[in-house]
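Trainee: Residue strings, one per chain:
Protein chains: 2
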Amino acid sequence: MAHFACIELGGTKINLAAGSGPDDMSAVVRLPTLDPASTLAAMVEQLRHLAGEGGFDAIGVASFGPIALTPGTSAYGHFRQTPKPGWSGADLLGPIRDAFPQTPIALDTDVNGAALGEARWGGAVGLDSFAYVTVGTGIGVGLVCNGRPVHGLLHPEAGHIRVRRQPDDSYAGHCPFHGDCLEGLACGPAIQARTGKAGETLAADDPVWSLTGRYLAELFHSLILIASPQRILVGGGIGLNPAVLTAARDAAHSGLGGYIEALEDRSTFDEFIQPAHLGDRAGVMGALALAQGASHEHRAP
Amino acid sequence: MAHFACIELGGTKINLAAGSGPDDMSAVVRLPTLDPASTLAAMVEQLRHLAGEGGFDAIGVASFGPIALTPGTSAYGHFRQTPKPGWSGADLLGPIRDAFPQTPIALDTDVNGAALGEARWGGAVGLDSFAYVTVGTGIGVGLVCNGRPVHGLLHPEAGHIRVRRQPDDSYAGHCPFHGDCLEGLACGPAIQARTGKAGETLAADDPVWSLTGRYLAELFHSLILIASPQRILVGGGIGLNPAVLTAARDAAHSGLGGYIEALEDRSTFDEFIQPAHLGDRAGVMGALALAQGASHEHRAP
Chain A
70 MAHFACIELG
80 GTKINLAAGS
90 GPDDMSAVVR
100 LPTLDPASTL
110 AAMVEQLRHL
120 AGEGGFDAIG
130 VASFGPIALT
140 PGTSAYGHFR
150 QTPKPGWSGA
160 DLLGPIRDAF
170 PQTPIALDTD
180 VNGAALGEAR
190 WGGAVGLDSF
200 AYVTVGTGIG
210 VGLVCNGRPV
220 HGLLHPEAGH
230 IRVRRQPDDS
240 YAGHCPFHGD
250 CLEGLACGPA
260 IQARTGKAGE
270 TLAADDPVWS
280 LTGRYLAELF
290 HSLILIASPQ
300 RILVGGGIGL
310 NPAVLTAARD
320 AAHSGLGGYI
330 EALEDRSTFD
340 EFIQPAHLGD
350 RAGVMGALAL
360 AQGASHEHRA
370 P
Chain B
70 MAHFACIELG
80 GTKINLAAGS
90 GPDDMSAVVR
100 LPTLDPASTL
110 AAMVEQLRHL
120 AGEGGFDAIG
130 VASFGPIALT
140 PGTSAYGHFR
150 QTPKPGWSGA
160 DLLGPIRDAF
170 PQTPIALDTD
180 VNGAALGEAR
190 WGGAVGLDSF
200 AYVTVGTGIG
210 VGLVCNGRPV
220 HGLLHPEAGH
230 IRVRRQPDDS
240 YAGHCPFHGD
250 CLEGLACGPA
260 IQARTGKAGE
270 TLAADDPVWS
280 LTGRYLAELF
290 HSLILIASPQ
300 RILVGGGIGL
310 NPAVLTAARD
320 AAHSGLGGYI
330 EALEDRSTFD
340 EFIQPAHLGD
350 RAGVMGALAL
360 AQGASHEHRA
370 P
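Sequence lines, in order, name chains A and B.
Take 70 as the starting number for the first sequence in the numbering used here and just add one per residue.
Take 70 as the starting number for the second sequence in the numbering used here and just add one per residue.
For the record, the hints were derived by calculation from the structure and aren't laboratory data.
All C-beta atoms in this analysis are idealised placements derived from N, C-alpha and C, irrespective of residue type, glycine included.
Among the hints, a few may not be true.
[Claimed, not checked] Some chain A residues close to chain B (C-beta under 10 Å, calculated; not the full set):
hint, residue
1, 214
2, 231
3, 248
Could you build all of it, start to finish, from the sequences and the hints given here?
Mentor: Structure (C-alpha cells):
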C-alpha cells in the first residue's frame with residue numbers, strides 16, 4: 070500500500086498527515102508556523118516519525134504563497150515577497166528534499182491544492198475548469214484550467230484584485246500592498262477593523278456580512294468572465310457565512326446582467342457557486358492529491 | 070502539401086483564406102457580416118472556391134462570440150445571446166459541416182484563435198500561459214493556460230469585467246448588458262461618445278487616450294492576479310495607440326504595488342505587456358493554427 074506524506078503549510082499552523090488515501094490517513098499533527106528555520110526543522114522531524122521505516126512514496130506540499138512553482142528554476146520552492154515576517158525568500162522545499170532525497174515531492178499553493186482535492190474527492194469531480202475561493206484571514210483562489218492548476222508567471226493571487234468600491238464605504242482597506250484591494254476590504258481583519266469586533270461575535274444580520282458578500286461578488290464576476298470556470302467552490306469561515314454567500318450570489322448574479330446565458334437561471338447560478346465540500350480537510354486532502362500526482366508521474370514519466 | 074481553410078468571422082466582416090502555412094496562403098477574401106443565412110451561404114460558396122478539387126485537410130474557424138465551444142453538446146458551434154441582431158442562437162458550424170462533411174473543423178473564439186497564432190508564430194512562442202487582449206470596437210481577451218485556450222463554462226469574455234471608476238468620470242458607459250463594464254467605458258464607441266469624434270480624428274494627446282489606458286490597466290491587473298500569464302499581448306487600433314498603452318502600463322504597474330516580484334522592475338513590466346506581433350493577420354493566422362491543430366488531432370487521435 071502506498072504511503073504518502075501530506076503537508077499543509079498555513080500562515081499560522083502546519084498540518085501534517087500520512088496515509089494511502091482519504092479513508093486511510095494518520096491523525097493530523099499540528100505545528101505552529103513560527104520563523105522558517107525552527108518551523109521547517111520541526112516539520113521535518115515530524116515527517117520522519119510519520120515516514121516510519123518504509124519512507125514515503127511521495128510527498129505533497131500545499132503551502133501559503135506567494136511561492137515559486139516553476140520546477141527547474143533556482144527560485145523553485147522558495148517564498149516570494151510576503152508580508153509574513155522572515156518568510157520572504159525562505160526555502161520551503163530544500164529541507165524536505167534534504168531529508169527525503171529519493172522521494173518525489175509535489176508543491177502547489179494551499180488553494181490550488183485544495184482545488185485538486187475538491188476535483189478528486191469533493192465538489193469538482195469531473196470538472197476540468199473551476200475555481201476554489203477561500204475567505205478567512207485572507208482571500209485565496211485556486212484555479213484549475215484545462216484539468217491542471219494554473220501557475221504561469223507565478224500562481225493566482227486573486228484575493229488582491231482591485232474591486233469597485235461600494236457606495237458609502239469609506240474604510241481605507243488594510244492590505245499592505247494595495248490598501249483597498251478585495252482582500253484589503255473583505256476578509257477577517259477588515260471585518261474586525263470595520264466593526265471593532267471579531268467576526269464570531271457579530272450578529273448574523275450585521276450589515277458587514279452583506280457588504281463583504283457584495284465585495285466577494287466582484288471576484289466572482291471577474292473569475293467568471295476571465296477564467297470561465299464550470300463551478301466556483303467557496304470555503305473559509307467568512308466565505309461560508311450564509312449572509313456573505315447569499316449577498317455575494319445576489320450581487321454577482323445581478324451584476325452579470327444576463328450576459329452569461331448558462332448562468333441566467335437563478336437556481337442554476339446558486340448551484341454554480343456552492344460551498345466547498347472538503348471543509349477543514351481541504352488542505353490535507355489537497356496535499357494528498359499532490360502527492361498522489363507526484364507518485365503517478367514518477368512511476369510513469 | 071496540406072491545404073487548410075482559415076475563417077475569421079468578425080462582427081462586421083469575414084476574412085477567408087487557404088493554404089498550407091503562414092508563408093503559403095491565398096489572398097484574403099473579404100465578405101460583409103450581414104444576417105446569418107445570407108452571410109454563411111456566401112461564406113460556404115467562397116470556401117468551395119478556395120477548396121478546389123482536393124478539398125481541405127482541415128478547417129479552422131475563429132469567430133466572434135459568445136459562442137458555444139464544448140464539442141458533443143447540442144449548442145456546439147451556435148452563437149449564444151449576442152447584441153448582434155439576428156445572430157443569437159445562429160448555427161455557425163452547421164453550414165460548414167454540411168458543405169465539408171469529411172473535413173475536421175476546429176472552432177474557437179477570434180481572440181483565443183489569435184492567441185494560438187501568437188503562440189505559433191508571434192509574440193508568445195514558447196509560453197504556455199499568456200493573454201491576448203484586443204481593444205477596438207469591443208474588448209476581447211484570448212487566454213491560454215497550461216498550453217491550451219481556456220474554454221470552461223463558455224470562454225473568456227473579459228472585456229465585460231467590472232472596473233473601478235476613474236475619479237471625475239461621469240460617462241455612463243454603453244454596454245447593453247452592464248453599462249459601465251470595461252468594454253462599456255473603454256472601447257471605440259465609448260471614445261466616440263465621450264469626445265463626439267471618431268478616434269482617428271483625435272489628437273495624440275487627447276486626454277481620452279490616457280483615461281482609456283487607465284481603464285485598460287484594471288483588466289491587466291485582474292488578468293495578472295487571476296490567470297497569472299507569462300505575457301500579455303495587446304492588439305487592436307485602440308490597444309496599440311501609444312498613449313493608451315503607456316497609460317495602461319503606468320497604471321497597472323503602479324496598481325500592483327510591487328506585489329508580483331517578477332514584475333517589479335519597470336522595464337521587465339514593459340516587456341511583459343507588449344504589442345501583439347501578428348497585427349491584422351492575427352485572425353487568419355489564428356484560424357490557421359486551429360486548422361493545423363484539428364488536422365493533427367485527426368491524424369493522431
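Trainee: Are the hints correct? Go through all of them and say.
Mentor: Here's how the hints hold up against the structure:
1. 214: 4 Å, holds
2. 231: 5 Å, holds
3. 248: 8 Å, holds
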